[in-house]
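Please arrange chain B on chain A, whose structure you already have, making use of the hints.
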Amino acid sequence: MQYFQKDIETMSKDQKKVLQSERLVKMVKYVYENQKPYRAKMDAIKLKPDDIKSIDDIYKLPYTVKQDLRDAYPFGMMARPKKDLVRLHASSATTGKLTVAGYTMNDIDVWGECAARCLVMAGGDEESIVHVAYGYGLFTGGLGMHYGAEKLGAVVVPASAGNTQKQIQLITDFGADIICCTPSYIIYLAEEFEKLGLKPGVDIKLKGGIFGAEAWSEGMREDIEKRLGIRACDIYGLSEIAGPGVACDCQYKTGMHFQDDHFYPEIVDVDTLEPLPYGESGELVITTLTKEGMPLLRYRTRDIASLNDDPCPCGRTSVKLNKITGRSDDMLIIRGVNVFPSQIESVLLKNSDIQPHYHINVDRVNNLDTMEIVVELSPSISVDEVAHVEEIRRKLAADMASALSVSAKITLVSPGTVARSEGKAKRITDRRKL
Amino acid sequence: MIKQIAVFLENEAGKASACCKVLKDAGVNLYALSIADTKEFGIMRIITEDNAAALSALKSAGYLCSEVDLVGVEVPDRAGALSDLLIALGKGGISVEYMYSYAGVDGHAKIAFKTAMPEKAILILNEIGAKVI
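Here the protein sequences line up with chains A and B, keeping their order. According to the working numbering, the stretch in the first sequence is residues 1 to 434, in order. According to the working numbering, the stretch in the second sequence is residues 1001 to 1133, in order.
What the hints contain is simulated information worked out from the structure, not anything from laboratory work. These numbers were taken from a predicted model, which means no experiment stands behind them. Backbone N, C-alpha and C fix where the C-beta goes; we use that ideal spot for every residue, glycine too. Incorrect hints may appear among the rest.
Said to hold, decoys possible - Computed list of lysine to any residue pairs in SDA-like fashion (alpha-carbon distance at most 20 angstroms, straight line): (1) K1039/B with E385/A; (2) K1059/B with I381/A; (3) K395/A with K1015/B; (4) K1015/B with A419/A; (5) K409/A with E1010/B; (6) K1003/B with E385/A; (7) K1114/B with A387/A; (8) K1003/B with N1029/B; (9) K1114/B with V386/A; (10) K1114/B with I381/A; (11) K1003/B with S380/A; (12) K13/A with G315/A.
Stated by the list, open to error - Pairwise CB distance ranges (calculated): (13) E194/A with K1059/B: 52 to 58 angstroms; (14) D1025/B with R327/A: 33 to 39 angstroms; (15) A1016/B with Y252/A: 55 to 61 angstroms; (16) V1075/B with A401/A: 44 to 50 angstroms; (17) D1050/B with G326/A: 53 to 59 angstroms; (18) E1012/B with K205/A: 48 to 54 angstroms; (19) S1056/B with A401/A: 38 to 44 angstroms; (20) G162/A with D1037/B: 31 to 37 angstroms; (21) D399/A with A1079/B: 46 to 52 angstroms; (22) L273/A with D1037/B: 53 to 59 angstroms; (23) A1016/B with L196/A: 56 to 62 angstroms; (24) D430/A with D1037/B: 29 to 35 angstroms; (25) E1010/B with M1/A: 54 to 60 angstroms.
So here's chain A without its partners, still in its complex pose (with noise of 0.2 angstroms):
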């Protein structure tokens, strides 16, 4: 199977300009009706729907940051009704509070769909057994490509995260020959089954895998393919526009194909907002373009990236997104868990045995990213007794990992022994080699 939908990931970039304008025309109409914040912004820039008239207007229209979903908390930004909404995603947000995504059935459709196209990509088709070992839940990961999966018409393995043993015994006796999960899970596979003899094409049948959730490198991928004798496809996803699916490589990795008949990238320097030319490095910002539950126009990813429009030896004619270079916030991934340095703060500063002055060190150990916070004891603490001290630090770790949704180990130090800076602070020291 060379495509899932052959029309449109194939067609003329003349066609599928015709289709983005019509598209976006029928977007910001929807918009404007239905979404309370859009016309608000709209109007203050004195923008008519009307105005826009192809997709080479999109520069007029407003941009979409974080903090307009998290104003809108929780319904918002919804341009449907409940009785249209059919699903929830959310992922973390800088205060603790969630950003939250609102699906209707077409949305979880056309989502399922993008992720199918990716599936194939990867070498996937209607004979695959999938292997889906991102978790399921609120993050997107999981349910996003399992509904792909069965799109596909391939049967999915719903193994969700964690229990490698299980995992193994799956994939071994079921025969997956496509899994879904994080870069670094598959290296942390492949150990496993380097140590229990297990052996790729022999008695592993994995030909194609698809990652994503977390940064990862060409190194990586090299390393992936050798060991597994496998394609490894890297894919682009955020819960706000659509988990994963949104972009996704194909066997000649050209950059990852953007399904960019519904959902339009642009580049846009991060400072002055200017939009970039192919080829140059910024922040990667997205508008809808069919979304019916919560469409966004030009969200803020804070990805930073580039985009290509050379031509691909797959046939298929999107503009592709090069590998995520970095973020223009302070956003950590941690394990495929957004963590942010504010969501660790908020944490400290309820807890009266410690000083909010805290350092987050990230690391990657046999391919497991591990985060560590160091913060300072109260000078008011009792230090004489190790069972005391000892509780302080396991509660901290308890209340960080229920706020943080991922687990860090907590270092105490004695006060004044964090470095304090003049200005920006530097919190984070990420040592993970990628």
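Okay, now just chain B, sitting in the frame of chain A:
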């Protein structure tokens, strides 16, 4: 009762040494020292000749420390003496958080221990004729 100073130490090479140097520079003489260590941190417990000077020197050097009361008792120089003391305390319902031994300037062995009920512990020790410090 005995005043003890507890100092929180990060698990790094040279931490105990640096702490002792602060006491040396302040001219503080140590009577007893005990270190409780965990994988993540250590707690150094000391009994000094001049706690006020020790506390002020440690605090100004940035150490997290606190002064706590311990029960001190002299232990007769014979086999089983410590056991007898602890059995009596146990019978009286006294639980010991931690303890350590030290030799006073008079050369007699002593123990210092932390308990949530120091007054009751002292009462029991007095009853069995132990020499409480």
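Verification of the hints:
no.	hint	result
1	K1039/B with E385/A	holds (15 angstroms)
2	K1059/B with I381/A	holds (13 angstroms)
3	K395/A with K1015/B	violated (26 angstroms)
4	K1015/B with A419/A	holds (18 angstroms)
5	K409/A with E1010/B	holds (15 angstroms)
6	K1003/B with E385/A	holds (15 angstroms)
7	K1114/B with A387/A	holds (13 angstroms)
8	K1003/B with N1029/B	holds (14 angstroms)
9	K1114/B with V386/A	holds (12 angstroms)
10	K1114/B with I381/A	holds (17 angstroms)
11	K1003/B with S380/A	holds (18 angstroms)
12	K13/A with G315/A	holds (12 angstroms)
13	E194/A with K1059/B: 52 to 58 angstroms	holds (54 angstroms)
14	D1025/B with R327/A: 33 to 39 angstroms	violated (47 angstroms)
15	A1016/B with Y252/A: 55 to 61 angstroms	holds (60 angstroms)
16	V1075/B with A401/A: 44 to 50 angstroms	holds (46 angstroms)
17	D1050/B with G326/A: 53 to 59 angstroms	holds (55 angstroms)
18	E1012/B with K205/A: 48 to 54 angstroms	holds (49 angstroms)
19	S1056/B with A401/A: 38 to 44 angstroms	holds (39 angstroms)
20	G162/A with D1037/B: 31 to 37 angstroms	holds (33 angstroms)
21	D399/A with A1079/B: 46 to 52 angstroms	holds (50 angstroms)
22	L273/A with D1037/B: 53 to 59 angstroms	holds (54 angstroms)
23	A1016/B with L196/A: 56 to 62 angstroms	violated (45 angstroms)
24	D430/A with D1037/B: 29 to 35 angstroms	holds (30 angstroms)
25	E1010/B with M1/A: 54 to 60 angstroms	holds (58 angstroms)
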